[in-house]
Amino acid sequence: MSILKPDFIKPVAIGAVIFAALAFLPSLVDSYYMSLAISVVSFAVLATAWSMFSGPTRYISLATVVFFGIGAYTVAVLGEVLAFPLVLLCAGLAGTVVALLVGFSTLRLAGVYFVIFTFGLTELVRQVVSWYEVNVTREMGRYVFLDITQNDIYWQLLALFAVLLLTGFVLGRSRLGFALRIIGEDETVAKHCGIDVTRVKVALFVLSALFMTLTGAIIAPRWTYIDPVIAFNPMLSFQVVIMALLGGPRRLLGPLLGVIPLTLLFEVLTASFPNHFSILLGCVFMVIVYLLPGGVVGLYEKYRAPKKRTLSTDTETTRKSEEKTA
Amino acid sequence: MNTEILLSISGLHKAFGGLIAVNQMQFDVHAGEIVGLLGPNGSGKTTVMNLISGALSPDEGKVVIGGKNITSLPAHKISHSGIARTFQLVRVLPDLDCVENIEAGLAYRTNPLWGDAAHKAALELLDRIGLAKQAHIPAGDLTYIDQKRLELGRALALQPKLLLLDEWLAGLNPSELQDGIALVRKLKDEGLTIIMVEHVMDAIRSLCDRCVVMNAGTKIADGTPDEVLSDPEVVRAYLGDSHA
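Residue numbers (the UniProt record's numbering), protein chains in the order written: chain L, 1 to 326; chain W, 1 to 244.
Hints were generated in silico from the structure; no laboratory data involved.
Model, not experiment: these values are computed from the prediction.
We put the beta carbon where it would ideally sit given N, CA and C, even for glycine.
Only true hints are included.
Computed cross-link-like contacts, DSS-like style, restricted to lysine-lysine with a CA-CA straight-line distance of at most 30 Å: (1) W:Lys-161 with W:Lys-120; (2) W:Lys-68 with W:Lys-186; (3) W:Lys-120 with L:Lys-5; (4) W:Lys-77 with W:Lys-186; (5) W:Lys-62 with W:Lys-188; (6) W:Lys-133 with L:Lys-5; (7) L:Lys-302 with W:Lys-133; (8) W:Lys-188 with W:Lys-120; (9) W:Lys-161 with W:Lys-133; (10) L:Lys-10 with W:Lys-120; (11) L:Lys-302 with L:Lys-10; (12) W:Lys-120 with W:Lys-186.
Listed below are several chain W residues computed to face chain L (Cβ distance under 10 Å; list not exhaustive): (13) Ile-83; (14) Arg-85; (15) Leu-93; (16) Leu-96; (17) Tyr-108; (18) Trp-114; (19) Arg-154.
Chain W stretches covered by chain L per the calculated footprint, using a threshold of three residues with CB under 8 Å from any CB of chain L: (20) 70–76; (21) 98–107.
Construct the entire structure; sequences and hints are all you get.
Right, here's the structure in full:
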């Protein structure tokens, strides 16, 4: 079994040490930096989870906030009724069910239709929740008063991120992960190799949505007040896409390279230009898409690639000379 | 010669809008046979291949392999029923290396291989199709003939009973063509049944036991290569009335 091999144990051990060290952050910095750290880790989970599905398949999903919002709303509704772990479980279930429905009904759509659908889905879910609150509970907006501290949120998110990275790492070496890569390369070939492409895509979509839902659920107590406009803000979906694209969605740690600089940048932008945030976000998006289509990871690989090519031509020449001598 | 029928196609019909691409096609393929599927461009050969392999689903008709009705099944299930194919425009997985391209064929078949076993089997198969030295080169960097070999390798990795080759020999230079023909003949000797869409006459004459000729979606001839190539109907389809 490949789990016992050193090339599996080593990265997992290094990761475990890094995460253990990060768990001590609250005793080192004040609450402003903790709040920043929570933003970084939550975006790290969202962007990595997004990339887990959208990276290999190249399906651009704008539904991140649908799942994030479902998680947050579950906490708002059930937070004071059930123990928090049970609330997380319910959130996970709700996210999974919605992801299954969306997956089976839309993953046959290709390209731009999928993008538009996921964007429309955000609006649909927000309107449905608003309608329910207005007509059934007759109360728009809910308070979340839970005995959960900022540090608790940070630790939960950190643990979630660790689980996500481990999942992604195992997935990258599994038949399921390989199937997803083949689908991303050529869906037709994938089918003719015996891969049930719909099932693989739905499975990964659901897995990615589950992590997004849990992020929303864990972070909800930070807000104290939520309403559909806050919980289902489409801006979040775009931010996640930009971060993942800047980092490079086709490597496990790629999105992280986009999350750290952009979370800091967004922090500065919201603080200094609160009224122009959307415009600046749009500009950042365009700069990234035009200048760095492959992300930071792509840039790195591009500078490494020429070497690799020469190497393969070298082997080619050696091969030919070998053949001649033979 | 083995007379057991492996594949049986009957009443196959497919239209794209107003264009009838395949019209009441009917033929059988015996186990161990190489059948050439011929016809002028646009006569519906590739559509027939797509209907057999599940890339398209027929409007009417039946496809049966080894007694099992596979009509309109999704492509991945058809591949599990023992049919593998190559594509008219070669389709490798360009960013994956040659070993991974073969593993794609090994990992999802009925008796899948994964991990070390798959790696070993992939290297053996690469050796068999003459790509052992390119094992770790991305498929997109291979030459055209090597991409074709690799695509064939991926199809063989599925351990098919029936192999569909869609113009697999097209675009090769004369020495590559000889290699290609030798490779296909080797597969036949190993007992594989093959349907090949082909325009290269040398290959058809030297490889095919039987040919089915199509024109405008319909079957116009069925017989040995010599019989069908001298059939006036076939000559008319290719060259026009004045030559018949």
